[in-house]
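Enquirer: One letter stands for each residue in the lines below.
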Amino acid sequence: MSKLDNEITLVKEEIITMWKLVQSQLEKGLSALLNFDKDLAREVVMIEKRVNAAELKIDRDCEDIFAIYSPVAIDLRFLLAVLKINTNLERMGDIAEGIAKMILDSKQPFNESILDATKIIEMYGECLQIVEQILEAFEKEDTAIARGIFKRDELLDEINRGANDLIAQYIKAHPEDMDMALTTLSIIRRLERVGDQAENIAEEIIFYIEAKVIKHAPKRDKRAD
Amino acid sequence: MSQSTTLSKEIIEMWNLVCLQHEKTLTAFLNFDLDLAREVVLIEERVDSSEQLIDTDCAHFLHYRLQTEPSIPFVIHIMKINRQLERIGDIAEAIVTDLLAAEEPFSDELVEEVQIVDLYRKCLRMLEMSLDAFATNDRTIAQVVLSRVEVFQDQSAGVNVALTNFLKLHPEQLKPSLNIFSIVKSLENLVDQIQTLAVELLSFEQKGVPYYTKA
Numbered sequence: 001m002s003k004l005d006n007e008i009t010l011v012k013e014e015i016i017t018m019w020k021l022v023q024s025q026l027e028k029g030l031s032a033l034l035n036f037d038k039d040l041a042r043e044v045v046m047i048e049k050r051v052n053a054a055e056l057k058i059d060r061d062c063e064d065i066f067a068i069y070s071p072v073a074i075d076l077r078f079l080l081a082v083l084k085i086n087t088n089l090e091r092m093g094d095i096a097e098g099i100a101k102m103i104l105d106s107k108q109p110f111n112e113s114i115l116d117a118t119k120i121i122e123m124y125g126e127c128l129q130i131v132e133q134i135l136e137a138f139e140k141e142d143t144a145i146a147r148g149i150f151k152r153d154e155l156l157d158e159i160n161r162g163a164n165d166l167i168a169q170y171i172k173a174h175p176e177d178m179d180m181a182l183t184t185l186s187i188i189r190r191l192e193r194v195g196d197q198a199e200n201i202a203e204e205i206i207f208y209i210e211a212k213v214i215k216h217a218p219k220r221d222k223r224a225d
Numbered sequence: 001m002s003q004s005t006t007l008s009k010e011i012i013e014m015w016n017l018v019c020l021q022h023e024k025t026l027t028a029f030l031n032f033d034l035d036l037a038r039e040v041v042l043i044e045e046r047v048d049s050s051e052q053l054i055d056t057d058c059a060h061f062l063h064y065r066l067q068t069e070p071s072i073p074f075v076i077h078i079m080k081i082n083r084q085l086e087r088i089g090d091i092a093e094a095i096v097t098d099l100l101a102a103e104e105p106f107s108d109e110l111v112e113e114v115q116i117v118d119l120y121r122k123c124l125r126m127l128e129m130s131l132d133a134f135a136t137n138d139r140t141i142a143q144v145v146l147s148r149v150e151v152f153q154d155q156s157a158g159v160n161v162a163l164t165n166f167l168k169l170h171p172e173q174l175k176p177s178l179n180i181f182s183i184v185k186s187l188e189n190l191v192d193q194i195q196t197l198a199v200e201l202l203s204f205e206q207k208g209v210p211y212y213t214k215a
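If you read the protein sequences in the order shown, they are chains A and B. Letter by letter, the first sequence follows residues 1 to 225 in the numbering used here. Letter by letter, the second sequence follows residues 1 to 215 in the numbering used here.
Be a bit skeptical, because a hint or two may be false.
[Said to hold, decoys possible] Interface residues of chain B toward chain A, partial, derived using beta-carbon atoms under 8 Å:
no., residue
1, L42
2, R46
3, D48
4, A59
5, L62
6, H63
7, L100
8, T164
9, L167
10, L169
11, Q173
12, K175
13, L178
14, N179
15, F181
16, S182
Just so you know, these hints were derived from the structure itself, not from any lab. No residue lacks a Cβ here, since even glycine has one placed at the ideal position from N, Cα and C.
Let the sequences and hints guide you as you build the complete structure.
Expert: Structure below.
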């Protein structure tokens with residue numbers, strides 16, 4: 001293994017570690033939501049600094065590799081993809097922190113009827129599975145697994161699109177829970193962005209493995225590609 | 001013209017395009033101009049194309065580093081800004097999508113209660129200032145942007161309460177209220193992206209090398 005290969009392996013390990021940290025943040029966010037666990041929400045907020053620090057370290061390591069080794073072809077594509085995946089993961093970390101802060105600001109637990117009515121738990125579960133799936137795609141360098149994300153993201157988009165109507169129906173029936181309903185809608189919006197970040201990561205994985213740019217292509221073309 | 005200046009010019013063009021997208025979006029909102037809203041959606045493709053072009057140029061500079069400039073940190077810096085601007089462009093599209101879904105213009109009272117026009121104008125100003133900070137290589141402007149982000153966040157934190165109070169008096173305005181709430185969430189996302197831009201401008205240090213020099 002050349003020195004460059006070693007460095008690239010190290011960067012790959014670093015990004016996977018960051019990925020698992022972000023996964024853990026999102027999982028804790030779900031647990032905090034279900035159990036109205038403010039201590040856990042606080043923990044997510046505090047650990048966000050580690051996600052940011054990991055992002056900076058990976059950026060610097062990529063810069064050093066560019067400077068020292070002048071990588072080409074697939075190695076160059078890999079590092080370019082890592083730089084973008086890095087920022088996408090950091091955004092997911094921000095989203096997890098944002099959800100945790102909303103839980104901290106809530107005065108009362110989210111009741112079961114609103115969680116059921118809005119399908120937010122289903123949506124959150126799907127987000128976690130999407131993040132798991134793209135990590136698998138990255139580790140195995142498998143573009144078929146990466147492409148599987150696009151269809152899953154459609155479910156998130158569907159729940160997000162329907163959220164306004166579901167929340168409106170809920171508020172009509174329970175006007176006393178307006179504040180909780182609006183917070184739930186905010187969380188749904190953030191979860192939809194997790195799907196967007198995951199989609200961006202999937203595009204980068206496909207780019208670096210196949211040297212094919214599918215960013216900004218219509219979804220049906222991404223799935224069929 | 002130096003390679004750094006070429007990249008800087010490209011990113012400034014993209015920045016201006018994204019600012020214009022948001023100005024049009026605000027105008028579309030103020031006048032309930034659905035044709036203008038549709039135009040924003042169509043022009044989003046140009047923003048996406050610009051992003052890809054700049055990305056390709058950056059990859060080219062990283063691959064063919066025959067000279068010492070542009071430096072690697074600078075190219076990566078441009079790539080990050082590029083990424084942020086594309087996201088900011090996406091947010092304009094998200095806002096007009098909510099506008100297009102509205103069945104009729106929003107009531108003046110609702111718009112006033114949530115202070116959405118003021119919030120959006122603040123966002124536009126921060127976006128323009130971040131461009132100034134980059135174009136003039138002035139860190140103090142980026143610092144001012146960050147302080148304005150805090151002011152925005154304090155103001156937008158009051159939207160839930162404002163909406164709740166408004167809906168108690170006007171329950172028939174539930175659907176448009178939720179629509180406007182979605183737009184406010186998009187503005188919060190917009191400010192998050194602008195904050196990330198400002199932090200990137202402040203974090204990047206290239207001593208003695210201006211971002212942009214006129215040819």
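Enquirer: Decide, hint by hint, whether the structure agrees.
Expert: Going down the list of hints, with the structure as the test:
1. L42: Given a least distance of 14 Å, the restraint on L42 of chain B is violated.
2. R46: 11 Å, violated
3. D48: Cβ of D48 of chain B sits 4 Å from chain A, so the hint holds.
4. A59: The hint holds - A59 of chain B has a Cβ within 8 Å of chain A, the shortest such distance being about 6 Å.
5. L62: 6 Å, holds
6. H63: 6 Å, holds
7. L100: 13 Å, violated
8. T164: Cβ of T164 of chain B sits 5 Å from chain A, so the hint holds.
9. L167: 6 Å, holds
10. L169: 12 Å, violated
11. Q173: 11 Å, violated
12. K175: 6 Å, holds
13. L178: 5 Å, holds
14. N179: Since chain A brings a Cβ to about 7 Å from N179 of chain B, closer than 8 Å, the hint holds.
15. F181: 6 Å, holds
16. S182: 7 Å, holds
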